[in-house]
Structures are given as C-alpha cells and as structure tokens.
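K.L.:
The chain contents come next:
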Amino acid sequence: MAVHVQDYLRMHKMPHIWCPGCGTGIALGAVVRAIHNVGYSRDEVIVITGIGCSARTNAIIDFNTFQTTHGRALSFATGFKLTRPEMKVVVITGDGDGAGIGGNHLIHTCRRNIDITTILINNSIYGMTGGQYSPLTPRGSYATTAPYGTVEPSFDICKLAEGAGATYVGRATAYHVTLLEQLVTKALKHEGFSLVEAITQCPIGYGRRNKMKSPTEMLKWQREHAVNVKAAAGMSPEQLEGKFLIGEFVNKTAPEYTKLYQKLIEDAQSKGAK
Amino acid sequence: MKRQVKLLQGNEACAMAAVAAGVRFFAGYPITPATEIAEILAQELPKVGGTFIQMEDEIASMAAVIGASIGGVKGLTATSGPGFTLKQENLGYAAMVQVPCVIVNVQRGGPSTGMPTLPAQMDVMQARWGTHGDHPIIVLCPSTVYEYYMLTIKAVNFSEMLRMPVIILSDAVVGHLREKVVLPDISEIEIVERKKATVPPEEFLPFKPDADDVPPFVSYGKGYRYHMTSNNYDEGGYPATNNHQVADKLLRRLHNKIEKRRGEIVMTEEIMMDDAEVAIFAYGCTARSAYSAVETARAQGLKVGLIKALTLWPFPREVVEKYGDKVQAVIVPEMNMGQLVGEVERALKDKKAGVRPLNRFDGKMITPEQIVSAVKEVK
Ligand SMILES: Cc1ncc(C[n+]2csc(CCOP(=O)(O)OP(=O)(O)O)c2C)c(N)n1
Ligand code: SF4
Ligand SMILES: [Mg+2]
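Chains as they are written, first to last, in the numbering used here: chain A, 1 to 274; chain B, 1 to 379.
It is possible that some hints are incorrect.
Stated by the list, open to error - Pairwise CB distance ranges (calculated): (1) A/Leu260 / B/Lys222: 22 to 30 Å; (2) A/Glu266 / B/Glu202: 38 to 46 Å; (3) A/Ser270 / B/Asp248: 29 to 37 Å; (4) A/Asp267 / B/Arg262: 45 to 53 Å; (5) A/Ala232 / B/Thr117: 54 to 62 Å; (6) A/Gly234 / B/Ser112: 52 to 60 Å; (7) B/Arg178 / A/Asp267: 29 to 37 Å; (8) B/Glu202 / A/Lys220: 42 to 50 Å; (9) A/Glu191 / B/Glu202: 29 to 37 Å.
What the hints assert, rightly or not - Residues from chain B shown here face chain A by an in silico Cβ test under 10 Å; the list is partial: (10) Ala63; (11) Ile70; (12) Val378.
If you're looking for bench data, these hints aren't it; they were derived computationally from the structure.
Remember, it's a predicted structure, so these values are computed and weren't measured experimentally.
No residue lacks a Cβ here, since even glycine has one placed at the ideal position from N, Cα and C.
Between the sequences and the hints, there should be enough to build the whole structure, so can you do that?
P.N.:
Okay, structure coming up:
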C-alpha cells in the first residue's frame, strides 16, 4: 500500500530539528507507514514521547500528540490509556529515555501488559545532549563522557521487555526499514504491551567518535551486524559472535490491563468489594 | 437537602471529597501517613466507574495522574514528604503544560524519612518551590476534618478552573484525626468542570487563553488534534524554546491565572481579631492549638486573636497587612524551623507589628500553653 508519509506530517512545522543523515526520521517514517497500514484514523491515534531527539518525532506528525518529561512517557501513557481505552496509544522513546532514566517504568509497563505500542529508538547514545554514553552504548565505545571508552556493558532491552512480561517484542534497524515497518504494524495490531526496538544511526553523537564517519557507514554497519532471528537458528555461536538479532522475538496473548480493569469495575459495581 | 453527620478520619474525608468533586482517577504509591487515601480510593473509585492504580513509584504516579487528566478525567494523588519530593518533577510539568491535577501531601517529620508517623509542617516551602522553575502553584491547608473535606473539593475545582496543579498540605494530625463532621448535601456543593472549546478544530489554538488567562482544555480524540510540550511553547502548543517574547508572555500568563482570582483563592479565617492586640498567625494542626490558646488567653483578659490561613500559597499577605498597624505583634507558631514566618515578616516590613516565631520540630504538636506563654512575652 503506497503512502506518502508527507500526508501525515505537520508540514507547517518543517524543517525538523534533526542533523543530516540522522536515523530518527527513518524510524518515524516506518511508524507513520505502519499506522497507515493498520488503517487507524488520525483522530484515534495518540503519540506520546519523553525527551530527546527521539521525542521530537511527535511534534511534526498530524495525530494527537504530547511530549512529556524525560523517561516518563510510559507512565503518562498508562494514565491516559486507562481513561481512554478506546484510543490507540503509541509511545516513542529513546535508549536513554526508555532504557536509562525510564527503565523502571518500562519494566512495570511491560509487566502490566497494558495496550500501548512502544517504539524505542536506539541510537546507542544520548543524542540530544551531545553524545554521552547511554545504557545501550556498546562497551568500549567513545562518547563525550567516555573519552577513554566505556567500561560499562550495555544490555538487551528486548530480552528485558520479554522477561518483564511484554507480549509483543521485536527489533529492526534503520537499514532494515521494511522489517521495522512490518514489526510496528504487527505491534499496533497486537492487544497488550508491545515493544519494537529500532536501531538507528546518530552520526553526530556516536558515529564520528566511533570510526563511522558517515551515515552510510553506519547503515552498512547495521546491515553487516544484524542477523534475522530465523536465520540465526541455523547458525553456530562462532558465526553469531559480534552480531545482534533482528525480527520478531515474542508474540503471545495474555490478559490486557484495561480490559481486566473494566471487568474489575463491572464486578465492583455489581457485587461490591470484599 | 440531605446533610450528613459522620465520624470521619481526615484522610477518609479527603478521599470522600475527591469522589464528590468528580475525581475518577487516582495513582499512588504507599507511604505513611497518607496511605489511607489510596486504600479508600482503591475501594471506592471502581464503584463509580473510576480507576485506581498503584504505580512503581511516585514519579510514575504523578505522571499517570497527569496522563489521565489529559485524557479528560479529574485526577488526584496522595503522598508524604519523601514521595512529595519525587512528585516534583512532573508537578512542574503540570504547571507548565497547564494540566489540572491535585496532589495531597500529608506531612510527616523530616528531613528525609525522618519521623514517618509523626506530624510536621516542614514542606511549606517545598510545596511552593519544590519543583524547578518559576511556576505558579496553589497550596491549601486544612486544620480540621471538615476543612480537609471542603478544601479537597476546592482544590479539585481550582485545578479544573485554572488548568493547574493544586496541592493540599495536610499533616499526620489532621490526616489521622477522627472528628464529627456535618457534610453538606452533594447538591449544595459547587463542582467545577473544565472549559470546553468554543471554536471548530480548524480555528482551534490549544493555548490561546480566554480573558481569564485560562485556555479551554479539549480532550484528545474528538477531532481536535494538537500538540503539547513542556518546552516553552506558543499558543499553537509547539516548542518555541528560544523565543524570548513567547517565554515572557507565557510565564506572566501562567501566574496571572492565580492573580486574577486572588480574592477567591486566598482563604483565611479571622477569629476574635476585632479588638486584638496580639495576633496569632497559624495553619494546619497548629491552628488547633492556636485556637485553644486564644480561648485561654481571652479568659485571662488578654486581647488575642487568630488569623487562620487555609490558603498558604498564594500567601495571604493582604490579610496579614491589614492588621500590621493594629496589633503589637504577630506570633507565628509552626512545626518547622521557621518557614511561613518569613512571608509574615515580608508582609509586615513597613508596619508597626513585630513578628515572633514559635517553632517546634520534634514531632510533637505545639501546645496551647506554649502559645499563651509567647503571647505573654510579647505583651
Ligand atoms: C530529568 C532530566 N535529566 C536530564 C535531561 C537532559 N536530557 C535531555 S535529552 C537527554 C538524552 C536523551 O537521550 P535518548 O533518550 O537516547 O534520546 P536521543 O536524543 O538519543 O534520541 C538528556 C539526558 C532532562 N531533560 N531531564
Ligand atoms: S544528535 Fe544524533 S539523534 Fe540527534 S538529530 Fe543529530 S544525528 Fe539525530
Ligand atoms: Mg539515544
């Protein structure tokens, strides 16, 4: 289904703020196309963000939109979804926003399995503040706050989401943008909490300090290091060394929070609490 | 008309008033001495179709309440000192983005986890200045169970009317006290609903204020698509982070929402002040001791009166000023090391009356006897 992303943009808010070659817009394009694929109307979708370059996505798209505080978007979204269960709630977050300062909220939102679709734009760095290392920055990378290379390990946010109870989890990259669009489409249709991690390039904050001078080199890195989870099943640990997985990791059904709460209300009204 | 006579605990009155005022969303995190509010609302909200959720911390509970309010529902949260500190980040968001919500802080002894079960009045300044930036805020303070009920309704009303967070600053005494109250019939209570849009979506600007400086608050998902941000923003709701004029205008307007309704928001009670030679300025549980002190002093022939503040912020300077040249001294008893007394001094700086702080911060209430002694000292 061909779609002009432009039709969904607030063109009067152009130009956007991102640097040339930034991957944030690629991820946003995939999200917009996915919403179009599912066929949701502009009025029934709400897109909530936190703080960061990733958070600047929603000001320029023509849906119901608001930006919140750093890392807290999922908690705002939880309150919103509980009062407006009929709306399609999408949260766009970053690696710092979602896995760092907002990590605890992410765990508990996964656990509640509330029907919110989250896209975590992982550019391996705190982009907006100029390139400090994040919890998802690979160990040994250089950042403004890691001039000698980071000594901290990063972690797999998809595994964390799965462990915490998310019922749909997947990962793609800016290079594998078609896969990204497919995963977000499925995540939107999924009832329950879904997380799609989008590995993107931040040429300014990450690439130029880490031997990838151009956005193209970063996209090539994504192509060369990503392995589809289906292909990985037939590969040896040696072959997978240094690689990361993309594709759909979790797709299961479990009771959804707002539905359960609606039931609770009905019970409280008919029977009264114990 | 059906008035209700009840024996209520303070926190219970607060929870009941919240439901009566139309609150249909509560998010919180357990903490003494505020937990009863959460427990009661967990029970009561579903019965009226509302939602209760216990979040992972106070940061998230404040965020969820704001999210619910953006969804179009009246929201409230309750906490005490340590949790109040965590709520500050998003409280500032609500002030900036103009989202109605109510935060109850049942004060206990601090700093830090301090004395969890004992009363204090140590968060007066945190309630005013706890979040960063020059934000407007309304802080109401009950001294009886009845006031706790009525001020909770006022808090919800002010927050909806002015699109801003309102804080109720109670304390462990008023929160846990049981008193007989006569509650007005629900139909006699004025309940305020937020303003609706008056123009069609094409003409709608989400932050274009009316004459009272308050913009209508339109729920999402009803054809009005717009943006909100906590960055400095224009009337369209979009970031204008480096626009000096927009910033100046926005900040003034946020504060004018309160200034334009000061007469309605600033609530005090002046008790036996007509011929008073000494005034006691008190609030919260300390106002109870002050009232008793006034009775004792009067019985001894001392001309003493009480100014009881129900609104702490905006500070009722006009009421204090009024007596500045009439009384010899104003005594300010507080269960802290001297917080609101600074405002009293500021209000009286060009007046004849002296100001006498009276402080206690050991978790015990200031006694009427202590106050009477202070009266005798200043006379
Ligand atoms: C409480 C708080 N701490 C710090 C900041 C400063 N800050 C703004 S953006 C940002 C980093 C965001 O990083 P990420 O989530 O990875 O988003 P990106 O910019 O990379 O898309 C930080 C630390 C803030 N706004 N609020
Ligand atoms: S700093 Fe990085 S993430 Fe932010 S706009 Fe520039 S390239 Fe994109
Ligand atoms: Mg980042």
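K.L.:
Run every hint past the structure and note whether it holds.
P.N.:
Right, here's what the structure says about each hint:
{"no.": "1", "hint": "A/Leu260 / B/Lys222: 22 to 30 Å", "result": "26 Å, holds"}
{"no.": "2", "hint": "A/Glu266 / B/Glu202: 38 to 46 Å", "result": "39 Å, holds"}
{"no.": "3", "hint": "A/Ser270 / B/Asp248: 29 to 37 Å", "result": "55 Å, violated"}
{"no.": "4", "hint": "A/Asp267 / B/Arg262: 45 to 53 Å", "result": "46 Å, holds"}
{"no.": "5", "hint": "A/Ala232 / B/Thr117: 54 to 62 Å", "result": "56 Å, holds"}
{"no.": "6", "hint": "A/Gly234 / B/Ser112: 52 to 60 Å", "result": "56 Å, holds"}
{"no.": "7", "hint": "B/Arg178 / A/Asp267: 29 to 37 Å", "result": "31 Å, holds"}
{"no.": "8", "hint": "B/Glu202 / A/Lys220: 42 to 50 Å", "result": "46 Å, holds"}
{"no.": "9", "hint": "A/Glu191 / B/Glu202: 29 to 37 Å", "result": "34 Å, holds"}
{"no.": "10", "hint": "Ala63", "result": "4 Å, holds"}
{"no.": "11", "hint": "Ile70", "result": "6 Å, holds"}
{"no.": "12", "hint": "Val378", "result": "47 Å, violated"}
Against the hints set out earlier in the document, violations occur for numbers 3 and 12.
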